[in-house]
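Residue numbers (our numbering), protein chains in the order written: chain E, 438 to 741; chain S, 185 to 560.
Think of the hints as simulated: they come from the structure by calculation, not from any bench. Misleading hints may appear alongside valid ones.
Said to hold, decoys possible - Under the rule of at most 25 Å between Cα atoms (straight-line distance), these lysine-lysine pairs were calculated in the DSS-like manner:
{"hint": "1", "chain 1": "S", "residue 1": "217", "chain 2": "E", "residue 2": "655"}
{"hint": "2", "chain 1": "E", "residue 1": "655", "chain 2": "S", "residue 2": "367"}
{"hint": "3", "chain 1": "E", "residue 1": "655", "chain 2": "S", "residue 2": "293"}
{"hint": "4", "chain 1": "S", "residue 1": "357", "chain 2": "S", "residue 2": "296"}
Said to hold, decoys possible - Some, not all, of what chain E presents toward chain S, calculated at C-beta under 10 Å:
{"hint": "5", "residue": "562"}
{"hint": "6", "residue": "632"}
{"hint": "7", "residue": "652"}
{"hint": "8", "residue": "659"}
As the list claims (entries may be wrong) - Every beta carbon over 10 Å from chain S, so not counted as near; a handful from chain E, in silico:
{"hint": "9", "residue": "504"}
{"hint": "10", "residue": "560"}
{"hint": "11", "residue": "567"}
{"hint": "12", "residue": "637"}
{"hint": "13", "residue": "645"}
{"hint": "14", "residue": "647"}
{"hint": "15", "residue": "701"}
We treat Cβ as the ideally placed atom computed from N, Cα and C, and that holds for glycine.
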Amino acid sequence: MAFVALGPQAPVASQKPTKTGRVALYLLLPGLFYLGLFFLTPLFSLILTSLKAPSATGVIGRYDVALEIGNYGYALGQYAPQIFRSFSFALIATVIALAISYPIAYFIGVTARNRPLLKGMLLTLVIAPFFISMLLRTFAWKQIFSNDSWLLNTLKDIGLMGADSYIIGTDFAVIFGLVYNFIPFMTLPIYASLDRLDLRLVEAGHDLYANSFTTFRKITFPLSMPGVISGTLLTFIPISGDYVVASRDFLGSTDTAMIGNVVEANFLRIQDYPTASALSVLLMAAIVILVSAYVRRSGTEDLL
Amino acid sequence: MSADFVARGQDLELESIRKEFPGFVAVDDLDLKIPAGEFFALLGPSGCGKTTTLRMIAGLETPSAGRILIGGNDVTDQKPHQRPVNTVFQNYALFPHMSVEENVAFGLKQRKVDNPQQQAQAALEMVELQHLAARRPQQLSGGQQQRVALARALVNRPALLLLDEPLGALDLKLRRQMQIELKAIQMEVGLTFLHVTHDQEEAMDMADTVAVMNHGHIEQMGAPEALYDRPKTAFVAKFLGQSNIFVGEVAEADDAKLAINFKGNRLAAPAARVEKTKGKVAIGVRPEKTSFHPEKPASDPAVNTLGPGTITDIRFTGVSNQYQIEIPEVGEITVFAQNIGKSPVVELGAEVWVSWKVEHSFGLADLPTGEEEVAE
Numbered sequence: 438m439a440f441v442a443l444g445p446q447a448p449v450a451s452q453k454p455t456k457t458g459r460v461a462l463y464l465l466l467p468g469l470f471y472l473g474l475f476f477l478t479p480l481f482s483l484i485l486t487s488l489k490a491p492s493a494t495g496v497i498g499r500y501d502v503a504l505e506i507g508n509y510g511y512a513l514g515q516y517a518p519q520i521f522r523s524f525s526f527a528l529i530a531t532v533i534a535l536a537i538s539y540p541i542a543y544f545i546g547v548t549a550r551n552r553p554l555l556k557g558m559l560l561t562l563v564i565a566p567f568f569i570s571m572l573l574r575t576f577a578w579k580q581i582f583s584n585d586s587w588l589l590n591t592l593k594d595i596g597l598m599g600a601d602s603y604i605i606g607t608d609f610a611v612i613f614g615l616v617y618n619f620i621p622f623m624t625l626p627i628y629a630s631l632d633r634l635d636l637r638l639v640e641a642g643h644d645l646y647a648n649s650f651t652t653f654r655k656i657t658f659p660l661s662m663p664g665v666i667s668g669t670l671l672t673f674i675p676i677s678g679d680y681v682v683a684s685r686d687f688l689g690s691t692d693t694a695m696i697g698n699v700v701e702a703n704f705l706r707i708q709d710y711p712t713a714s715a716l717s718v719l720l721m722a723a724i725v726i727l728v729s730a731y732v733r734r735s736g737t738e739d740l741l
Numbered sequence: 185m186s187a188d189f190v191a192r193g194q195d196l197e198l199e200s201i202r203k204e205f206p207g208f209v210a211v212d213d214l215d216l217k218i219p220a221g222e223f224f225a226l227l228g229p230s231g232c233g234k235t236t237t238l239r240m241i242a243g244l245e246t247p248s249a250g251r252i253l254i255g256g257n258d259v260t261d262q263k264p265h266q267r268p269v270n271t272v273f274q275n276y277a278l279f280p281h282m283s284v285e286e287n288v289a290f291g292l293k294q295r296k297v298d299n300p301q302q303q304a305q306a307a308l309e310m311v312e313l314q315h316l317a318a319r320r321p322q323q324l325s326g327g328q329q330q331r332v333a334l335a336r337a338l339v340n341r342p343a344l345l346l347l348d349e350p351l352g353a354l355d356l357k358l359r360r361q362m363q364i365e366l367k368a369i370q371m372e373v374g375l376t377f378l379h380v381t382h383d384q385e386e387a388m389d390m391a392d393t394v395a396v397m398n399h400g401h402i403e404q405m406g407a408p409e410a411l412y413d414r415p416k417t418a419f420v421a422k423f424l425g426q427s428n429i430f431v432g433e434v435a436e437a438d439d440a441k442l443a444i445n446f447k448g449n450r451l452a453a454p455a456a457r458v459e460k461t462k463g464k465v466a467i468g469v470r471p472e473k474t475s476f477h478p479e480k481p482a483s484d485p486a487v488n489t490l491g492p493g494t495i496t497d498i499r500f501t502g503v504s505n506q507y508q509i510e511i512p513e514v515g516e517i518t519v520f521a522q523n524i525g526k527s528p529v530v531e532l533g534a535e536v537w538v539s540w541k542v543e544h545s546f547g548l549a550d551l552p553t554g555e556e557e558v559a560e
């Protein structure tokens, strides 16, 4: 009898939730409620807004529920340069942040592995910027890069910069600010991966005739891929939507506007809610597509 | 077995190798020569410096002083990837992000050998794992991983293969089986094997020559049989199997034998089997060479006798019984008796005399310090 019960035609009784199953469900409820309220509802509202049409009354900032798919075409056509710029900046800043963060993470996770004091100090330095508001830090850079700053004056005095040239408002300033703000988000996950790296595998690589460079390329780097992928995602996604660094109030200008700045302007200044919403949905869709393609290509599932 | 794998091993020579770490000396002016094609075991307790020695030969550790020569070439200053040496690591150190075949082909690809895949396949065939070539290491059992690690090292046909306790993580039955396979492979490929282990049975079972290491230096080196039959120091006597050791002043010493006065008993050993003939001398005997008797044996100059004592413990271990016999004023003696139905029927508390032939005694160069038991 006992064996029959385990067969494919198991009695209906097994479909009733067990006691532990029910408890797990109850424990999940607050989380599901939270997600429903604070993620799905706004998402639904956003999509709804992105399809609205201007109000028949003609009042600016008033919109009626509609199915205006043309909003998307308009947003794409109108703001193609900003969309392109967002992803270009995000890509460039992510690559630079990776190039800077990897050696830092390697030093903390591998070189300083047996020196807890040094390691602790370096980790503190990496997260120290978080102790000050990101807005203040970006303002600080604005001061440093502003036209009459000692830095620019010095650069102009020694002839490295032309007398009329400037930094604030350029692509360089924005990318610099983005890289600066996101380095900790890149460094910490890579550090976490490298800290766990079994150095005996590196020794095995050397033992099997691989020099230091090859060992890094074939063993250390592939084994740190989970950290590299987390780090690049934690950097690329927020940078794509960032609107602080590139805004005119901080390091950018109208020439450096990214999607975030356009969304902000449409929502808060022009009060063109449907276009702003359509841009947000487009940004979200583009990130989901890019990220899933990236994760699939890098084959993280093969890694431990 | 492919003919591709028949390559000659080379000899290894260590000249006054020394390794100091902050606060202690791990390897203390070690001299060692291993002839080409030999299966050599470096045996010792943990912390004796055997693994450090192996790592210096592999190039993973830099000696503080001394020279390392492989096949007559000085490799002391060479980086690990430049040395004709491969290692089977204690934890196997297989690359988790590569398939079994990629692991085995790794060294071949680095040296730009032709047909690395084909050679890797042949090496996997040798360890009978060709059917698992596409798997990841973590999908294999411990014994299979061990064999992949062996194939990954052997496929490069190194002049010297280093084995760092490669069987330590396996269960007893698998370990015995791997010992036999490892020995067979070594004879087949004719490479020089240097096997580092703390398992004396493993060392004696496989190696042509065993060097017993303690506190950074080699205590004694020789064929397993010779080492077991005639240990020269108390450490070797205790670490390699068990020994009963008795210390006393030399009572007589001539060309034929040496006798000590051990708490009123005269214990003798053949002169050819003693290391030291003056002052206090330790004389030992293996437990399986001793026997006990319910009555006092007749006095015989060719036999050492101690007793009477009482049996305080009897342990049945299958092939033999192990008896602990407590002799007042003398101490405790261990006696092994094979279970072949001939040993006298005795029980706990019985009064017995212990004896062994003088020719089975061995005289040690040093005195036991009491530290040896702690070592294992």
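Hints and how they fare:
A C-alpha spacing of about 35 Å is found between residue 217 of chain S and residue 655 of chain E, which places the hinted pair above 25 Å, so the restraint is violated. Note on residue 655 of chain E and residue 367 of chain S: the hinted pairing is violated, with a Cα-Cα distance of about 32 Å set against a maximum of 25 Å. About 12 Å separates the Cα atoms of residue 655 of chain E and residue 293 of chain S, which keeps this hinted pair within 25 Å; it holds. Taking the CA atoms of residue 357 of chain S and residue 296 of chain S, the gap is near 39 Å; set against the 25 Å cutoff, the hint is violated.
For residue 562 of chain E, the interface hint is violated, the least distance from its beta-carbon to any beta-carbon of chain S being 27 Å, above 10 Å. Hint on residue 632 of chain E is violated. Least Cβ distance to chain S is approximately 16 Å, over the 10 Å limit. This hint holds: residue 652 of chain E has a C-beta 8 Å from the nearest C-beta of chain S, less than the 10 Å allowed. Taken as an interface hint, residue 659 of chain E checks out: its beta carbon lies about 5 Å from the nearest beta carbon of chain S, inside 10 Å.
Interface exclusion of residue 504 of chain E from chain S stands, the closest Cβ pair being 49 Å apart, more than 10 Å. Annotated as non-interface, residue 560 of chain E keeps its C-beta farther than 10 Å from every C-beta of chain S; the closest such distance is 25 Å. With a least beta-carbon separation of about 32 Å from chain S, residue 567 of chain E lies farther than 10 Å from that chain, consistent with its non-interface assignment. For residue 637 of chain E, the shortest C-beta to C-beta distance to chain S comes to about 5 Å, within the 10 Å cut-off, and the non-interface label is violated.
With a cut of 10 Å on Cβ distances, residue 645 of chain E falls inside the contact zone with chain S, its closest approach being about 4 Å. Not every CB of chain S lies more than 10 Å from the CB of residue 647 of chain E, the least distance being 5 Å, so the non-interface label is violated. Here residue 701 of chain E stays apart from chain S, with its beta-carbon at least about 43 Å from theirs, past the 10 Å limit.
Checked against the numbered hints given earlier, the structure breaks hints 1, 2, 4, 5, 6, 12, 13, 14 and satisfies all the rest.
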